[in-house]
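Enquirer: Residues per chain are reported as follows:
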Amino acid sequence: MSQDAPKTPWWNDQGNRAILYQVLVVGAVVLVGWYLISNTLANLAARNIATGFGFLGREAGFAIGESPIAFDPADSYAKAILVGLLNTLIVAVLGVALSTVIGTIVGIARLSGNWLVARLATLYVETLRNIPVLLQLLFWYALITEGLPAARQAFNPLPGVFLSNRGLKLPTPDWGGTEWAVLAALLLSVLGAMLLARWARRRQAETGQSFPSGWAGLGLILSLPLLVWLLGGAPVAMQVPELKGFNFEGGTTVSPEFAALLTGLTLYTASFIAEIVRSGILAVSPGQTEAALALGLRRGQVLRLVVLPQALRVIIPPLTSQYLNLTKNSSLAVAIGYPDLVSVSNTTINQTGQAIEGVALLMAVYLAVSLGISVFMNWYDKKTALVGR
Amino acid sequence: MKRLALLATLALFGGTVLSSQVQAGATFDAVKARGSLNCGVHTGLAGFGAPDDKGNWAGLDVDVCRAVAAALFGDAKKVKYVPLTTQQRFTALQSGEIDMLSRNTTLTSQRDTELGLNFGPPNFYDGQGFLVPKKLNVKSAKELNGATICVLPGTTTELNLTDYFRANKMDFKPVVIEKQDELAAAFFAGRCDAITSDSSQLASIRSAQASNPDDYVILPELISKEPFATGVRHGDDQWFDLVKWVIYATFEAEEKGITSANIDSFKGKTDPVVKRLLGETPGLGKALGVGEDWAYQAIKQVGNYGESFERNVGSGSKLKLPRGLNAQWNKGGLIYALPIR
Chain A
1 MSQDAPKTPW WNDQGNRAIL YQVLVVGAVV LVGWYLISNT LANLAARNIA
51 TGFGFLGREA GFAIGESPIA FDPADSYAKA ILVGLLNTLI VAVLGVALST
101 VIGTIVGIAR LSGNWLVARL ATLYVETLRN IPVLLQLLFW YALITEGLPA
151 ARQAFNPLPG VFLSNRGLKL PTPDWGGTEW AVLAALLLSV LGAMLLARWA
201 RRRQAETGQS FPSGWAGLGL ILSLPLLVWL LGGAPVAMQV PELKGFNFEG
251 GTTVSPEFAA LLTGLTLYTA SFIAEIVRSG ILAVSPGQTE AALALGLRRG
301 QVLRLVVLPQ ALRVIIPPLT SQYLNLTKNS SLAVAIGYPD LVSVSNTTIN
351 QTGQAIEGVA LLMAVYLAVS LGISVFMNWY DKKTALVGR
Chain B
390 MKRLALLATL ALFGGTVLSS QVQAGATFDA VKARGSLNCG VHTGLAGFGA
440 PDDKGNWAGL DVDVCRAVAA ALFGDAKKVK YVPLTTQQRF TALQSGEIDM
490 LSRNTTLTSQ RDTELGLNFG PPNFYDGQGF LVPKKLNVKS AKELNGATIC
540 VLPGTTTELN LTDYFRANKM DFKPVVIEKQ DELAAAFFAG RCDAITSDSS
590 QLASIRSAQA SNPDDYVILP ELISKEPFAT GVRHGDDQWF DLVKWVIYAT
640 FEAEEKGITS ANIDSFKGKT DPVVKRLLGE TPGLGKALGV GEDWAYQAIK
690 QVGNYGESFE RNVGSGSKLK LPRGLNAQWN KGGLIYALPI R
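If you read the sequences in order, they're chains A and B.
Read in our numbering, the first sequence has 307 at position 307, and its numbers run on one by one without any break.
Each number in our numbering corresponds to the 1-based position in the second sequence with 389 added.
Extracted from the complex, chain A is given alone in its bound form (with noise of 0.2 angstroms):
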């Protein structure tokens, strides 16, 4: 054209369009939220109803059954909440990991070629994701609880180790010290295993020379917590439970409640993954696997080097809400009785009173948590994610 074009107006503009309703409805959201919480400290000022976070400050006065770091009565409420988080954390950790070992297992076995396996795993998906887990839960606490015998009655299949409707009793080292060092070996050698694979996956990369990396990690992460023992002069006293009065006294516990939690979340949540595992494999193409054959790789081979690396692209991302529900599933526990991050929360609401604090910083923490996973699952999922080259 050789003229100007007429000049449109501003709000016939596309992007211009696009901005003004971005900020209406900004707008509006900010508007309908300002308008609630003036409405809640209105009325909660009217009926002379304490806000604030100041109670977090305060002392708790309440006990708490099982805590990773010291707990006393006369601490803070927020150091109440931060154990309550711990244990919410202690459980979702260890169910991930093992529901996550347990669903691939699962998982694969539902493709195995024997029928027996396949059909076991197809009873175990089935029925474990087809029963709500508040039930499932319930179930464990009562068949620990009301299944194994009173404390004074306790299973003795080990020297020192005692099962009981009061947990599972183990003896733990008493070492004067040397047990941190081992531990810190532990450690540390694990970390020299992980290097060591990354080191021998580059040099097959470049030179095609193969190293039993993964030998010599185990070797590695046996012998030197080993050394550090015996440097440490080999001690071997340990503090075994003893029954004192009322309960088991010494070493450590596993109370039913953790265990019936973390069982119950555990399988239910492997059941899922199971299916995503299963659905996974399938999705990669049966041409790989049998080009793979063709090539002269293993079966194992087959599996870890081909099928898994692509399977994962699809699986991580259904993975990713599956850990999530298992975090947020733990908030159960207050049916069974473990202290986690919604019991004591309870607890404290009911003290204080202050159900709107109380429960906003509940959602702001399991928000944070979940957050947290999807972030870390989301960078997990770029890495394993095609490089096209």
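For the record, the hints were derived by calculation from the structure and aren't laboratory data.
Check before you lean on any hint, since a few could be wrong.
[Claimed, not checked] Just the calculated beta-carbon pair ranges, DEER-fashion:
(1) B:W718 with A:A50: 54 to 60 angstroms
(2) B:K707 with A:I131: 33 to 39 angstroms
(3) B:D603 with A:A184: 52 to 58 angstroms
(4) B:P671 with A:E59: 51 to 57 angstroms
(5) B:K707 with A:E59: 37 to 43 angstroms
(6) A:L222 with B:L525: 28 to 34 angstroms
(7) A:A50 with B:Y725: 30 to 36 angstroms
(8) B:K707 with A:Q153: 48 to 54 angstroms
(9) B:L525 with A:M363: 27 to 33 angstroms
(10) B:Y725 with A:E242: 49 to 55 angstroms
(11) A:A50 with B:G713: 42 to 48 angstroms
(12) B:P472 with A:S331: 47 to 53 angstroms
A virtual CB, placed ideally from N, CA and C, is assigned to each residue, including glycine.
Chain B: place on chain A using the hints.
Expert: Quick look at chain B alone, frame taken from chain A:
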């Protein structure tokens, strides 16, 4: 955008909790206009608030709801029962979901002030105790050092328990389960050495859930004062007055020997207190904003305090609790009606 979404969620939550706009002084009018009373009760505690085998709510706390409905509407059945857990109860009352809370709730200064509630006269004086299996051979709560103790969450119970053990320099391990049935099941399965709660509740649990109630004993120590009272929210004094005086009227009726069965025989008697109570001397009903027969209806349809006690938790019930502190003031108890005049 994420932060915005979070804010909006929080606000939405807050708004839901306190959404119903209750104006000061409006509860009384709202209940009257609605034609029925929304009464918060226990989710199921035998003797205090639980549905019976025909699905009708019954109990000492339920009778308070019925008496208020009878005084206000002349019909004790015009009550909608809202079963509430310990965690829900105050929020439900503050938000206007219920008009009154009659659910073995301990009257404390914090609840009276910080939670924005008002409490009527206590209708049951209780104390926190311990229930233990007889075979443990424990005779006193002082012998419970190192014990595992089952406890209901989020009541004053947890705090009292911790205070008691701290004061006596003893240790314990709590097992905190939200639902009372699950908690009691864990205790009877042997997960805990003792279960702690208000002693009336322990009696209720023992009679309802123990395979053999005689195998369990309530220890003599009461480690707290637990006066149960009916709660209403701040902001409507007329409503508070009505609830308060209906309860006093049931106390007064017992003191005067007026029961649901014999109340009609008191008509035309000369005792001025009875005449005021029965509405034969008018004035009090008008002052409360209800019919002059308010107390008559409450007593006629629900019974006096003593009848309600015996029927629900006393000798006429499974709980078989003695009157103890809950006897009339002139019989060694604490039930004392303020003068109705």
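Enquirer: Failing hints, ascending?
Expert: 1, 6, 8, 9, 11, 12
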